Amino acid sequence: MTEKPKKKNRWFIWLILLVAIVALGVSGLYRVGQGEQALVLTFGEVTDTNGPGLYWRMPGVQTVVSRSVTTIHNKEYGYRTSVGGTSRSAAEYRDEKDESVMLTNDNSIVQLEAIYQYTIRDVREYLFDVEDPEGTMHLAFEAILRRNIQNRSLDDALLNKDAIEQEVLPDFQALIDSYDMGVKVHSVHIQNITVPSEVTAFYEDVNNAKNEMTRRLDEAQQYEFQVLPMARSKAYELTQKAIAYDAEITARAEADTAVFKAVLQEYKAEQESARSRMLIETMEEILGGAGRIVVVDQNNDVLQHLDIGGDKTPAQQGGED
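Going by the numbering used here, the letters in the sequence shown line up with residues 9 to 329, in that order.
The hints are simulated quantities; they were obtained by calculation from the structure and are not laboratory data.
Don't take every hint at face value.
Straight-line alpha carbon distances no greater than 20 Å define the calculated SDA-like cross-link-like pairs of lysine to any residue that follow [to be verified]:
id, residue 1, residue 2
1, K169, R132
2, K83, L162
3, K192, Q181
4, K105, L166
5, K83, V69
6, K83, K242
7, K218, L135
8, K83, N115
9, K105, A182
10, K269, S284
11, K105, G143
12, K105, Q181
13, K192, A182
14, K169, Q181
15, K242, Y231
16, K169, I201
17, K83, Y231
18, K192, R132
19, K218, L162
20, K192, T78
Label pairs and their calculated CB-CB ranges [stated by the list, open to error]:
id, residue 1, residue 2, range
21, I117, L236, 40 to 48 Å
22, R102, Q70, 15 to 23 Å
23, A255, S284, 38 to 46 Å
24, Q158, W64, 25 to 33 Å
25, T208, D106, 27 to 35 Å
From a predicted model like this one, the values you see are computed outputs, not experimental measurements.
Glycine included, each C-beta is placed from N, C-alpha and C at the ideal position.
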């Protein structure tokens with residue numbers, strides 16, 4: 009009678025042990041879903057990495073941490089969505105001016121709001137190589153974005169959102185890769201880039217001044233187009249007159265030179281006769297108007313009377329005496 013209860017107790021103990029073993033085995037099972045990556049930690053150290061499927065771990069010794077590697081995460085910069093999702097048209101949001109206000113290379117101020125999208129590429133790197141992956145990623149994005157804006161003028165920043173996005177994306181990816189963060193950045197979108205309302209009036213004054221300057225430059229250019237043709241025409245006219253005057257003077261000088269050369273040649277040919285003739289011609293020009301000439305010596309004694317006006321009558325000559 010005493011052996012049967014002992015056998016029953018023994019079978020009961022084995023049954024409990026079997027149930028405990030089965031329960032322990034079942035509790036160690038875990039499933040990694042589609043698009044997930046799981047890390048197996050043994051006493052806190054990563055000992056295995058598993059993709060989608062059914063696996064077993066040692067309960068109490070091993071733990072499992074999993075993250076989706078296909079989910080696209082959206083991270084806002086310069087603003088935060090308060091209600092709803094990340095759609096700015098369907099949600100309320102607040103500005104984060106500590107992030108959004110930036111300085112351009114011409115010392116102008118812009119307010120920029122953006123969003124970037126990423127997926128986790130390597131769960132081990134994402135969770136264990138960087139202490140605060142999301143915070144580090146946010147600071148890296150801010151550094152790249154500010155550097156890009158600081159290399160642009162105000163007009164360039166306001167008008168070239170697409171160019172900013174295309175330049176920021178590869179630089180952002182390169183920076184977070186240098187941290188071994190295990191993240192893949194898929195896109196960068198500049199949601200809005202404007203001049204802050206606090207300085208809008210100032211920029212309006214600047215724009216008005218620029219417009220006024222442009223208007224005046226246009227007027228000056230139009231005046232230039234009107235005046236220059238007239239000035240060129242006048243200059244051409246004066247130039248032609250100068251050329252004609254130069255030709256006239258040159259021709260006259262050449263004619264005078266030709267006469268002089270002819271006389272010179274004649275003088276050389278008959279030097280003595282030419283000299284006498286020239287002397288006589290010169291004396292005639294000088295004394296042609298004189299009536300009587302008295303030639304005296306150095307003592308003022310009269311040597312000879314010359315009657316230049318020989319056609320005068322004796323009465324006229326006597327009257328002159």
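Taking the hints in turn, this is what the structure says about them:
At most 20 Å may separate the alpha-carbon atoms for a hinted pair to count; K169 and R132 exceed this at roughly 35 Å. Restraint check for K83 and L162: the C-alpha separation of about 26 Å exceeds 20 Å, so the hint is violated. Of the supplied pair hints, the one linking K192 and Q181 holds, its CA atoms being roughly 7 Å apart against a limit of 20 Å. Of the supplied pair hints, the one linking K105 and L166 holds, its CA atoms being roughly 17 Å apart against a limit of 20 Å.
This hinted pair does not check out: K83 and V69 have alpha carbons roughly 36 Å apart, beyond 20 Å. Between the alpha carbons of K83 and K242 the distance comes to roughly 71 Å, so the proposed pair goes past 20 Å and is violated. The suggested pairing of K218 with L135 is violated, with an alpha-carbon distance near 53 Å, which exceeds 20 Å. A hinted pair counts as satisfied when its Cα atoms are at most 20 Å apart, and K83 with N115 does not qualify at roughly 28 Å.
Restraint check for K105 and A182: not satisfied, since their Cα atoms lie roughly 26 Å apart, outside the 20 Å limit. At roughly 19 Å between alpha-carbon atoms, K269 and S284 fall within 20 Å of each other, so this suggested pair holds. Distance restraint check for K105 and G143: the Cα-Cα separation of roughly 17 Å lies within the 20 Å cut-off, and the hinted pair is therefore satisfied. For the suggested pair K105 and Q181, the alpha carbons sit about 25 Å apart, so the restraint of at most 20 Å is broken.
Only pairs whose Cα atoms come within 20 Å are accepted, and K192 paired with A182 is accepted, the gap being roughly 10 Å. Using a Cα cut-off of 20 Å, the hinted pair K169 and Q181 holds, with the two alpha carbons roughly 18 Å apart. Annotation: proposed proximity of K242 to Y231 holds, straight-line Cα distance about 17 Å (limit 20 Å). For the proposed pair K169 and I201, the alpha carbon gap of about 8 Å is at most 20 Å, so the pair holds.
Restraint check for K83 and Y231: not satisfied, since their Cα atoms lie roughly 56 Å apart, outside the 20 Å limit. Taking the CA atoms of K192 and R132, the gap is about 14 Å. The hint holds against a cut of 20 Å. Of the pairs offered as hints, the one joining K218 and L162 holds, with about 14 Å between alpha carbons and a cut-off of 20 Å not exceeded. For the given pair, K192 sits about 10 Å from T78 by alpha-carbon distance, which is consistent with the 20 Å threshold.
Evaluation of the 40 to 48 Å hint for I117 and L236 yields a pass: the beta carbon distance comes to about 43 Å. Roughly 43 Å separates the CB atoms of R102 and Q70, a value that falls outside the hinted 15 to 23 Å. Hint check: A255 to S284, Cβ distance near 39 Å, so the stated range 38 to 46 Å holds. Distance hint check for Q158 and W64: the Cβ-Cβ separation is about 54 Å, which falls outside the suggested range of 25 to 33 Å.
Remark: the range hint 27 to 35 Å for T208 to D106 is contradicted by a beta-carbon distance near 20 Å.
Checked against the numbered hints above, the structure breaks hints 1, 2, 5, 6, 7, 8, 9, 12, 17, 22, 24, 25 and satisfies the rest.
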